[in-house]
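Sequence order for the protein chains is U and L.
Read in order, the letters of the first sequence correspond to residues 0 to 341 in numbering that gives the first Met the number 0.
Read in order, the letters of the second sequence correspond to residues 0 to 341 in numbering that gives the first Met the number 0.
If you are wondering where the hints come from, they were derived from the structure by calculation, not from laboratory data.
Some hints could be false.
Claimed, not checked - Covered by chain L, per the in silico footprint, the following chain U stretches (three or more residues, Cβ under 8 Å):
#1 41-53
#2 82-90
#3 256-262
As the list claims (entries may be wrong) - A few chain L residues facing chain U, derived, Cβ under 10 Å:
#4 Gly-41
#5 Leu-48
#6 Val-70
#7 Phe-72
#8 Thr-75
#9 Ala-87
#10 Asp-91
#11 Arg-95
#12 Arg-98
#13 Glu-127
#14 Ser-247
#15 Ala-250
#16 Pro-253
#17 His-280
#18 Val-281
#19 Val-327
In this text the structure is predicted, and so the values were computed from the model without any measurement.
A virtual CB, placed ideally from N, CA and C, is assigned to each residue, including glycine.
2 protein chains.
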Amino acid sequence: MRLVLAAGSTRTAGIEGISAAGATRELMAHTPAIDAEIVEYGRPITADLVPVSPTGCPTPAVITRAVREAVGFEFTVIDAGLAAETGAPTVDVDARPGRDVRDPVAVPDAGETVDAAREFGGALPDDELLVGETIPGGTTTALATLRALGEDVGVSSSLPENPTDLKRRVVDDALAESGVEPGDLAGDPVEAIRRVGDPMLATVAGLAIGAAASGTAVTLAGGTQLVAAAALVRHAGVEVPLSLATTSFVADDPNVDLDAAAREFDLDLTITDPGFDRSDHVAMARYVAGEAKEGVGTGGALALADRSDASMAAVRDRIEAVYDRLDVDDISSPTGGASDGA
Amino acid sequence: MRLVLAAGSTRTAGIEGISAAGATRELMAHTPAIDAEIVEYGRPITADLVPVSPTGCPTPAVITRAVREAVGFEFTVIDAGLAAETGAPTVDVDARPGRDVRDPVAVPDAGETVDAAREFGGALPDDELLVGETIPGGTTTALATLRALGEDVGVSSSLPENPTDLKRRVVDDALAESGVEPGDLAGDPVEAIRRVGDPMLATVAGLAIGAAASGTAVTLAGGTQLVAAAALVRHAGVEVPLSLATTSFVADDPNVDLDAAAREFDLDLTITDPGFDRSDHVAMARYVAGEAKEGVGTGGALALADRSDASMAAVRDRIEAVYDRLDVDDISSPTGGASDGA
């Protein structure tokens with residue numbers, strides 16, 4: 000079992016109020032690079048910096064790392080357009096950081112990245128793959144991509160109050176600036192990514208198509224961003240079996256109808272509740288309060304833990320251990336103030 | 000426990016008769032990229048190509064992968080100047096392929112690579128590191144570097160008959176073209192690498208210095224190329240404890256006095272005999288005949304196996320299993336003819 004993490008960036012994350020994947024917008028650029036290091040090494044190695052939301056909710060990389068320590072799995076990071084250097088080893092798929100989704104072209108190299116990721120996915124020797132993502136601002140590009148494909152699916156948020164009005168305005172602008180009406184790019188997934196997507200979507204869609212075509216069982220490990228990736232696979236006319244594994248936090252989000260999405264894109268759905276309500280630890284309590292919800296393959300990792308011999312209580316203990324090792328209070332305490340979510 | 004593999008290239012490998020790390024000189028450019036894939040995934044993924052010597056001796060990556068499957072360890076590849084694309088995830092240390100050692104400057108970026116590798120080594124969270132290499136032609140650049148430092152240490156070869164006369168001529172030319180007399184660069188390891196070394200040496204020397212300085216126990220996993228890396232560390236004035244773990248094939252090489260090297264550079268020496276003489280399998284028999292001897296961290300991996308619960312017989316069985324999975328006969332049978340070694 001291997002978790003492949005597509006770690007990338009989009010300038011869309013720089014829009015005020017759009018993402019909670021970092022204490023500040025400046026720090027957010029480092030989040031995917033450091034998420035990869037946390038899952039790979041157990042802690043950040045290029046900077047003394049732990050990605051936390053403005054309210055102190057730690058990155059879901061902590062959960063995924065905890066599951067890796069508890070049950071063990073292979074882990075491979077793809078550079079899906081990182082904007083900051085990472086000390087984690089990465090596979091190259093010709094991806095560069097995404098532009099602002101409101102630019103006329105958001106992902107100039109979408110086609111090259113899809114092709115390179117498809118080739119890599121087809122070459123991996125594994126019987127089973129989990130595919131996760133880390134890209135701040137990614138739910139907005141996911142929503143824009145779904146709209147371009149003509150798919151009416153809501154998206155989740157890393158913020159407790161989803162800034163849906165803001166996202167809708169940004170997506171409306173993105174489609175207008177790219178000259179795309181909703182549904183215009185149905186059946187043309189590469190062009191949808193190129194105009195209004197992000198390099199993570201290019202990477203995951205390509206990877207899933209390539210891996211599934213070679214007989215690998217592919218589980219998209221994440222929330223609505225991975226639903227958008229699934230939509231892209233289906234709009235490519237690819238009928239392979241696909242699973243989606245996500246957390247109960249995404250499933251409980253009223254903005255999201257996972258069952259409808261699963262039906263629409265023929266996804267085998269697994270939802271895992273890690274029982275964080277039984278813990279007062281900050282690494283878990285903020286999730287119960289509706290923050291973060293998903294990311295860095297968490298839903299897939301938790302599903303793996305659920306079918307392993309490890310108890311969810313042991314996973315929660317391990318989450319505390321990973322978090323405590325990070326010394327979050329010493330080195331990256333929140334910059335103060337609650338998130339306003341918009 | 001983590002094995003870090005510095006995978007790089009030098010145009011020195013293109014000199015006729017200098018290396019057996021590939022069936023032909025053209026294929027040799029791919030050897031380090033594919034070695035990394037074999038240890039990472041269990042088989043090549045970017046090309047149906049298994050590095051074998053001209054006589055069919057498979058790459059030592061097969062042994063290292065077998066030990067990884069038998070006893071388990073973390074594995075991280077550093078791009079130490081790869082000339083071909085690899086599907087293995089890599090860490091970036093600003094290394095580029097090395098030039099021909101006979102060029103006036105062999106490694107223009109030696110200083111930058113040493114610095115980046117030192118920083119990476121210092122940041123790794125592990126208590127213990129094994130550091131291995133894969134770079135065809137590397138024993139010649141190692142010999143040139145040792146000569147520039149004024150160290151009188153012989154080097155081994157991947158060929159059964161070490162082409163020592165050829166190497167000596169190439170090294171003489173290399174020093175002359177770089178304007179270096181033997182011993183001129185004692186105490187100036189970065190300059191020695193820049194003039195007559197290779198990017199693997201820059202990477203491993205920097206990594207070892209950075210890791211050891213941060214309290215990590217460092218074992219150089221390999222033969223005389225790793226002895227050259229140790230010499231570079233000592234010529235940087237760094238007194239940290241260092242171990243060298245290599246195979247009995249290197250220890251048995253009459254061109255090499257490992258005990259003298261260990262004394263000279265204050266290395267704690269471990270030699271492991273994997274008992275290949277008890278097997279007729281091609282993946283082991285060619286080693287008994289004196290080919291390959293080392294590489295891709297094999298000596299360190301075997302030392303790890305030796306101190307684990309796994310028996311060496313189980314490791315040998317696993318080597319057969321890894322080799323058989325590669326379908327060497329189907330996809331990369333030797334191009335015919337025995338190696339002439341010079």
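Hint-by-hint comparison with the structure:
Counting residues of the region 41-53 of chain U whose CB lies closer than 8 Å to any CB of chain L gives 4, which reaches the minimum of 3, so the coverage claim holds. By the rule of at least three residues with a Cβ nearer than 8 Å to a Cβ of chain L, the coverage given for the region 82-90 of chain U holds, with 6 such residues. Counting residues of the region 256-262 of chain U whose CB lies closer than 8 Å to any CB of chain L gives 0, which falls below the minimum of 3, so the coverage claim is violated. At a threshold of 10 Å, the smallest CB-CB gap from Gly-41(L) to chain U is about 6 Å, leaving the interface hint in force.
The interface hint given for Leu-48(L) is broken, as the beta carbon of that residue sits about 12 Å from the closest beta carbon of chain U, more than 10 Å. Interface restraint check: Val-70(L) against chain U, minimum CB-CB distance 14 Å, threshold 10 Å, status violated. Annotation: Phe-72(L) was flagged as interfacial toward chain U, and the flag is violated, the nearest CB pair being 13 Å apart, outside 10 Å. Hint status for Thr-75(L): holds, given a least beta-carbon distance of 5 Å to chain U, under 10 Å.
Given the 10 Å rule on beta carbons, the hint for Ala-87(L) holds: about 7 Å separates it from the nearest Cβ of chain U. Using the Cβ-Cβ criterion of 10 Å, the hint placing Asp-91(L) at the interface with chain U is satisfied: the shortest such distance is roughly 7 Å. The interface hint given for Arg-95(L) is violated, since its Cβ lies 15 Å from the closest Cβ of chain U, which is over the 10 Å cut-off. Because the closest C-beta pair between Arg-98(L) and chain U is about 23 Å apart, greater than 10 Å, the hint is violated.
Interface restraint check: Glu-127(L) against chain U, minimum CB-CB distance 14 Å, threshold 10 Å, status violated. Interface hint status for Ser-247(L): violated, as the beta-carbon distance to the closest one in chain U is roughly 31 Å, over 10 Å. Among the interface hints, the one on Ala-250(L) is violated; its C-beta lies about 31 Å from the nearest C-beta in chain U, farther than the 10 Å criterion. For Pro-253(L), the interface hint is violated, since its Cβ never comes within 10 Å of a Cβ in chain U; the closest pair sits about 38 Å apart.
Given hint, His-280(L) at the interface with chain U, is violated; its Cβ is 22 Å from that chain's nearest Cβ, farther than 10 Å. Against a cut-off of 10 Å between C-beta atoms, the interface hint on Val-281(L) is violated, since the closest Cβ of chain U lies about 22 Å away. Look at Val-327(L): its Cβ only gets to about 16 Å from chain U, farther than 10 Å, so that hint breaks.
In the structure shown, a violation is registered for the earlier hints numbered 3, 5, 6, 7, 11, 12, 13, 14, 15, 16, 17, 18, 19, in ascending order.
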